[in-house]
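*Asks:* First to last, the sequence lines map onto chains A and B. Be aware that the first sequence starts at 1, since it is given in this note's numbering, and climbs by one per residue. Be aware that the second sequence starts at 1, since it is given in this note's numbering, and climbs by one per residue.
Just so you know, these hints were derived from the structure itself, not from any lab. Any given hint could turn out to be false.
[Stated by the list, open to error] Pulled from the structure, derived: some chain A residues nowhere near chain B, Cβ distances all over 12 Å:
| # | residue |
| --- | --- |
| 1 | N11 |
| 2 | S14 |
| 3 | T21 |
| 4 | S27 |
| 5 | T30 |
| 6 | D31 |
| 7 | S62 |
| 8 | S79 |
| 9 | P107 |
| 10 | A111 |
| 11 | S112 |
| 12 | L138 |
| 13 | Q140 |
[What the hints assert, rightly or not] Just so you have them, the derived chain A footprint on chain B, three or more residues with Cβ under 8 Å:
| # | region |
| --- | --- |
| 14 | 5-19 |
| 15 | 58-68 |
| 16 | 85-99 |
| 17 | 133-141 |
Note that beta-carbon positions come from the ideal geometry of N, C-alpha and C, so glycine has one too.
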Amino acid sequence: MANTYTLIASNTLSTTAASVTFSSIPSTYTDLVLRMSARNDRAVTNGTLNLTINNLSTSIYSWTFLQGNGSAASSNRNSATTFLSDIPLVGSSATSNTFSSIEIYLPSYLASQNKPVGIFGVNETNATAIEMKANAGLIQSTAAIDRIDISNTSTFQFVSGSSFFLYGIKNS
Amino acid sequence: MPATYEPIATTTLGSAASSITFNSIPGTYTDLRLVFTGKSAGGSNTLRLRFNSDSGTNYSRTSLTGSGSSATSAQNSSTDNAFIGAVNTLQMMCNVDIFSYAGSTNKTLLSELSLDQNGSGEVRRTVCLWRSTSVITAIELYLSAANFDAGATATLYGIKAA
């Protein structure tokens, strides 16, 4: 059988950007995987990246996360929010030239059912204040996903060199 | 990305069912990945799997779990299944990587479970050991005390090292 882990689209930033959008996502796959190497210009060590689907900004997003910071593990959650968040993102106070590594898995993105999301992100910066986080996300929308927006908090921007890759996986 | 990420089989339930089983798994890959998304037709439950219909106490596991309020780790020995984690009435997902499934050593899996129920849920990472040197030819995925709801989808992929 053919390999079915296929690059749909990518974006490596040559300048700063407030957000990255993958639109017109084809409906020819079963699952989507978004892989990113990103950093932003917010003056923090560990910030957060946000995600929405289909331009939806109503209170349909929720998540539970498990995190480790190099010295302790903890867990928390958010409910009924307008975007999916708490996804690790290195800020400008972190060691220079370090980027977050993030994978977001969206199974059955075409199915007419709510969308679970599996997220794993890490900030490793050769410093004590690091972050490793596994998120369980839920998007209460039964619409097929044809657009994904990845954005920053407030007016902050992804820095040049941040890269974003969207893959499709077929189950047949 | 692995150049050999290939679908072996997939099942989407047209109606509620007690389990999803993949039989006659070819031994031609190096590793397996099982991707599951679905929900319980009977409220809160736990997702488990067994290899080759083995219900003996040949499984063990260590897990790291986030409940939304605390992080915990646990270990269980000599169980009769590979425990993956919680399932409830809203969609969840898990990826299960099964390493060197066709080898003659004991088998290890790593599962990544993501369950959020908009106010409850859990994140769980589990490593399970199946103390068997048999090649894995069948995988049964089931809930502890309920059916999977219609629409649940499980797909088995094969990954070749070369």
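*Asks:* Take the hints in turn and mark each one as holding or not.
*Replies:* Hints, one by one, checked against the model:
With a minimum CB-CB distance of about 17 Å to chain B, A:N11 clears the 12 Å threshold, and the non-interface call stands. Every Cβ of chain B is farther than 12 Å from the Cβ of A:S14; the closest lies at roughly 24 Å, confirming the non-interface assignment. At the 12 Å boundary, the C-beta of A:T21 stays outside the reach of chain B, the nearest C-beta of that chain being 22 Å off. Listed as outside the interface, A:S27 is consistent with that label: its C-beta sits roughly 16 Å from the nearest C-beta of chain B, beyond the 12 Å cut-off.
A:T30, annotated as away from the interface, has a beta carbon of chain B within 12 Å; the closest lies near 7 Å. Annotated as non-interface, A:D31 brings its C-beta within 12 Å of a C-beta of chain B; the closest such distance is 7 Å. The claim that A:S62 is not at the interface with chain B is violated, since a C-beta of that chain comes within 12 Å of its own (minimum 4 Å). With a least CB separation of 5 Å from chain B, A:S79 falls inside the 12 Å interface cut-off, contrary to its annotation.
Its beta-carbon lying about 4 Å from the closest one in chain B, A:P107 breaks the requirement of being farther than 12 Å from that chain. For A:A111, the shortest C-beta to C-beta distance to chain B comes to about 7 Å, within the 12 Å cut-off, and the non-interface label is violated. Listed as outside the interface, A:S112 is inconsistent with that label: its C-beta sits roughly 9 Å from the nearest C-beta of chain B, within the 12 Å cut-off. Non-interface status of A:L138 relative to chain B is broken: a Cβ of that chain comes within 12 Å, the nearest being about 4 Å off.
Listed as outside the interface, A:Q140 is inconsistent with that label: its C-beta sits roughly 7 Å from the nearest C-beta of chain B, within the 12 Å cut-off. Proximity of the region 5-19 of chain B to chain A, defined as three or more residues with a beta carbon under 8 Å from a beta carbon of that chain, is established by the 5 residues found. Only when three residues or more bring their CB closer than 8 Å to a CB of chain A does the claim for the region 58-68 of chain B stand; here the count is 5, and the claim holds. Coverage of the region 85-99 of chain B by chain A holds [criterion: at least 3 residues with CB-CB distance below 8 Å; count 6].
Only when three residues or more bring their CB closer than 8 Å to a CB of chain A does the claim for the region 133-141 of chain B stand; here the count is 0, and the claim is violated.
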